[in-house]
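Keeping their order, the protein sequence lines are chains A and B.
The numbering of the first sequence is this note's numbering, which starts it at 3 and goes up by one.
The numbering of the second sequence is this note's numbering, which starts it at 447 and goes up by one.
You may find that some hints are simply not true.
[Claimed, not checked] Not the full set, but computed from the structure, chain A residues with beta-carbon under 10 Å of chain B:
#: 1; residue: Cys55
#: 2; residue: Arg67
#: 3; residue: Gln68
#: 4; residue: Arg78
#: 5; residue: Met107
#: 6; residue: Leu112
#: 7; residue: Asn114
#: 8; residue: Glu147
#: 9; residue: Ile169
#: 10; residue: Gln191
#: 11; residue: Asp194
#: 12; residue: His195
[To be verified] Output of the computed footprint for chain A on chain B, the stretches with three or more beta carbons under 8 Å from beta carbons of chain A:
#: 13; region: 799-813
#: 14; region: 828-835
[As the list claims (entries may be wrong)] Footprint (simulated), chain A over chain B, 3 or more residues, beta carbon under 8 Å:
#: 15; region: 775-789
#: 16; region: 851-859
It is worth saying that the hints were derived from the structure and are not from the lab.
Built from N, CA and C at the ideal position, the CB exists for glycine as well.
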Amino acid sequence: MTANKPQTAAATTARGTGEVVEFQLDGRTVRALKGQNLVDALLEAGEPISAFCYHPGLSVAAQCRQCLVGIGDGYRLVPACQCTVQHGLSVRSQTDQVRDARRAMLELTLLNHPVDCVICDKAGECALQRHYMDWDARPAAINHEKVHKPKRVDLGPNVVLDAERCILCSRCVRFCTEVAQQQQLTMAQRGDHTVLTTAPGQQLDNPYALNTVDICPVGALTDKDFRFRSRVWELWSTLSVCNGCAAGCATEIHHKGHEIYRLVPPKRWDMNLSWMCDEGRRSYKAVGTERLTEAVVDGHPATPEQGCARAATALALLARRDPTSLAVVLGADATNEDNFMAAQLARHWVGARVFVADRADDGRGDTILRRDDPNPNRAGAQALTADQDATTTSREALLAALGAGAIKGLYVVGNASELAAPIAAALAATEFVLVQATHASALTRAAQVVLPAAAWPEVDGTITNERREVGRLRAAFEPPGQARAHWAWIAEIGAALGQPRQCASAKDVFEQLRDQVPLFRRASWGEERPTVRLRWACRRG
Amino acid sequence: MTRIVTQHLIVTQHFGNEQAKQLAVYEQLGGYAALRKAVSLTPQQIIEEVIASNLTGRGGAGFPAGKKWSFIPKDAETVYLVVNADEGEPGTFKDRWLMYWDPHRLIEGACIAAYAIRAHRFYIYIRGELVRELRVLEQAVAEAYERGYLGPSMAGSGWAMDAVVHRGAGAYICGEETSLLNSLEGKRGYPRLKPPYPALRGLFDQPTVVNNVETLMNVPTILERGGHWFADLGFPGDGGTRAVALSGHVKSPGIHEVPVGTNLRSIIFEQGGGMRESGKPLKAVIPGGSSMPILSAAEIDVPYAFQAMLKSEQIREVEQAPGIKFRWGAGGTLRSMPGSGAVTVIEEGTCMVALCARIMRFYAHESCGQCTPCREGSGWLAQVCTRLARGAGRRGDVDLLQRVAGQIGGNTICALGDAVTWPMLAFLTKFRGEFEAKEAGAAP
Ligand SMILES: Cc1cc2nc3c(=O)[nH]c(=O)nc-3n(C[C@H](O)[C@H](O)[C@H](O)COP(=O)(O)O)c2cc1C
Ligand code: SF4
Ligand code: SF4
Ligand code: SF4
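For reference, chain A alone in the conformation it holds in the complex:
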């Protein structure tokens, strides 16, 4: 399956062919991939080259002329983005001629720019601001009135344009045409009166439109959801995986306090390139609203200990009576560690049957990133029940067993989302229901014990996407109130059941999982990437 790896021709050239060759950079020998775009090769070689219009995921436009280099002994400079790495290529990047030309290009780019960094949302992650600091840092030579253009143009439902800040790099235009495959943006007018605008009869309105805000090198395009909410340098960044669908796009959670401000894609060649879908970006909103924060026992607020004790007692009682009347439901929205612990409890601690709660395909997948499967971790949950016939763990099997009155005790790990109501409606014969969820639902209202769960940005763990790649979630901050990770609740209940504690962290659980479940044998926990302050995030790509 390669459909959700956006393989544009541009992306392929940017990465080259895989053959390593050597070229000369200001007299030193540099190794790079043959056919790789020279801008990327220079950046990888640590050369402080700058570019506004070049983006490795888009076609080459060579408009900003900021990446000029000398090739061979030629007098004329050429944009590095128009060159690809070849064996024996000789590149000049630090000669006076090249540096003067780049400084000149930067001055020209800044000429009609308002330089209103103090009130610009992009300040702190703006490529223009950064390059100015690196290259020029002189007062402006312009002493005439700048060209004026529209300041607050509503381009569509999510994006606002400040045309004066726009440096006309055309990244957003190319993104819409080449990646989102919608010709919604274009340039109008000529010369220094050129403006970015929507094409006649069009809005900037497509499922990927917000990527234009990320790739805009300046503060011309702003996200209506994020603009004016925070200075970017006050934010912290945690690398995680979007839980919006089975694509499992790598994402950076940008947060402050216990609040998420936005989700943005990092540059990941093997994954989602530098894109995310708009819906995935907005999925953070649910994390901060109407969360369950307290344990509930028989309709009353309780301490975590009371919740776990009540749960353990009920489960033990039912298990003694008839373990097959107990059901544990894994979540296609929970992590592998959560589901592993839940399966552990079911199989080894109480002997219960195992089901998987998932959401049905929504048919809203596309050939860009988004998958029909809205479950972030269906593949992982299925891997943990691979020893069983899938029809015995399915949602239908669960509802049938409930309907037949065969389930006396039910333990649901996760929100069960669209299944919550049908399950709640089928509990006539069920004596005890335990639910670990982030949000209230018909199911939590019907449960004897509700334990508040941590949401995905609050946990460490892994999920498995549709391509069976194991992605790593990292906790951006602590969960609210008493909420904690599913696996931690399960471990707690296990302790109350008299099981020895074996895992102190999600990583411990992962290691057990890796040792015990064949499909995870080669999976990796991934590197530790600490939460960091957003500093010059323009370097992100």
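With chain A fixed as given, assemble chain B with the ligands onto it according to the hints.
Just chain B with the ligands, lined up with the frame of chain A:
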């Protein structure tokens, strides 16, 4: 219009003959014989003849036409010829008259060229404002179809040939060949990145040759009289004649066809009849459309030919700053060129700062806005030049002009960037005193 009749009129030979634009009359005058001859030759033979003729492009850059045709891959399936009739360079007004008086010569030349590159279709991209010429051309194309010069079997050869006349929408930049191709494809008229050049990937991504109107109108004569005859008529490496569009403070403005290499002074003082009645002496000449470096009155004893003007010691090299030579292309110095064949004559008393400002405003207005140095730099130069000309300049403006101009040319996607840098630096090289005088009278 008084014209000195020469033996070598080629592209203007039917000027003044209102009948010649009718196909029957054109045929009586020998028209379409060259096409009938061409289809009895192989494409390669035609290309060789044109290479031997030393025909260079008349659109501005002077690239050898035969050589350009030979770049088309021999195994290409679909090839196009595009006729550049967008004539927009200030001072240039030859193509419109050439098309008006002799539309069939253009069609015949284009048919031969298209056949030589194995194309079955050519497009004529005509400047939108040229409504009268458009009508003449459309009429001529219809006649050529009727008579079988165009259609399924060009001049009975069995080679299909179609012609499409397409009107531009009023942007100078669409005269730049790759911008023209985008415009023809229905896209915004942005010049393309090169490489790939049109000969490999042009119109609709197919191998394409773009030639100027006048370039193609020479082709029938080359086939009739032979490449060597044409080459001998001109200057070494630069064959034939040029339809010079003479304008400005001159007695007889208009189109004067002269052999390539004719002395520029004689073009002005013989063909053009010298300075106009005001009695003021010659001050300067813009020799090839407003983008070409201006010449002072002392620099015009030069052969009107590309290589000659590029190398002539008569012409001072353009400077990037006082005493520092400007370098372009492969690093050579720049003098001037005949460009699009437009000679603009300027008399003593003309304000060079105002003239330069006018040129800068034109390019600032016509920059397509795609690449930063041209988009921003042209506007900056226009602003500063204009305020200087109006007596509202500031201290340091002349140096500023010089510095900014030097940053544009050579660093842009298309040659419009050079068309900003070259004239600006040439004005400063040769008339810096006038700019400094304006600045001296300026506010601090
Ligand atoms: C900004 C710009 C404008 C141009 N305008 C014209 C034009 O109006 N007519 C033309 O024939 N060539 C024009 N040219 C030159 C063309 O790009 C191209 O070189 C020419 O059409 C090729 O034909 P030729 O080789 O027969 O001269 C222009 C070039 C530039 C850079
Ligand atoms: S809005 Fe941003 S991305 Fe789009 S052209 Fe302007 S600067 Fe570039
Ligand atoms: S495609 Fe799926 S995983 Fe990727 S950003 Fe969108 S919702 Fe998230
Ligand atoms: S040089 Fe000027 S006209 Fe040519 S592509 Fe760049 S901005 Fe457009």
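Hints versus structure:
no.: 1; hint: Cys55; in the structure: 9 Å, holds
no.: 2; hint: Arg67; in the structure: 5 Å, holds
no.: 3; hint: Gln68; in the structure: 8 Å, holds
no.: 4; hint: Arg78; in the structure: 6 Å, holds
no.: 5; hint: Met107; in the structure: 6 Å, holds
no.: 6; hint: Leu112; in the structure: 9 Å, holds
no.: 7; hint: Asn114; in the structure: 6 Å, holds
no.: 8; hint: Glu147; in the structure: 8 Å, holds
no.: 9; hint: Ile169; in the structure: 8 Å, holds
no.: 10; hint: Gln191; in the structure: 7 Å, holds
no.: 11; hint: Asp194; in the structure: 4 Å, holds
no.: 12; hint: His195; in the structure: 7 Å, holds
no.: 13; hint: 799-813; in the structure: holds (count 4)
no.: 14; hint: 828-835; in the structure: holds (count 3)
no.: 15; hint: 775-789; in the structure: holds (count 3)
no.: 16; hint: 851-859; in the structure: holds (count 5)
When the structure is compared with the earlier hints, no violation turns up for any of them.
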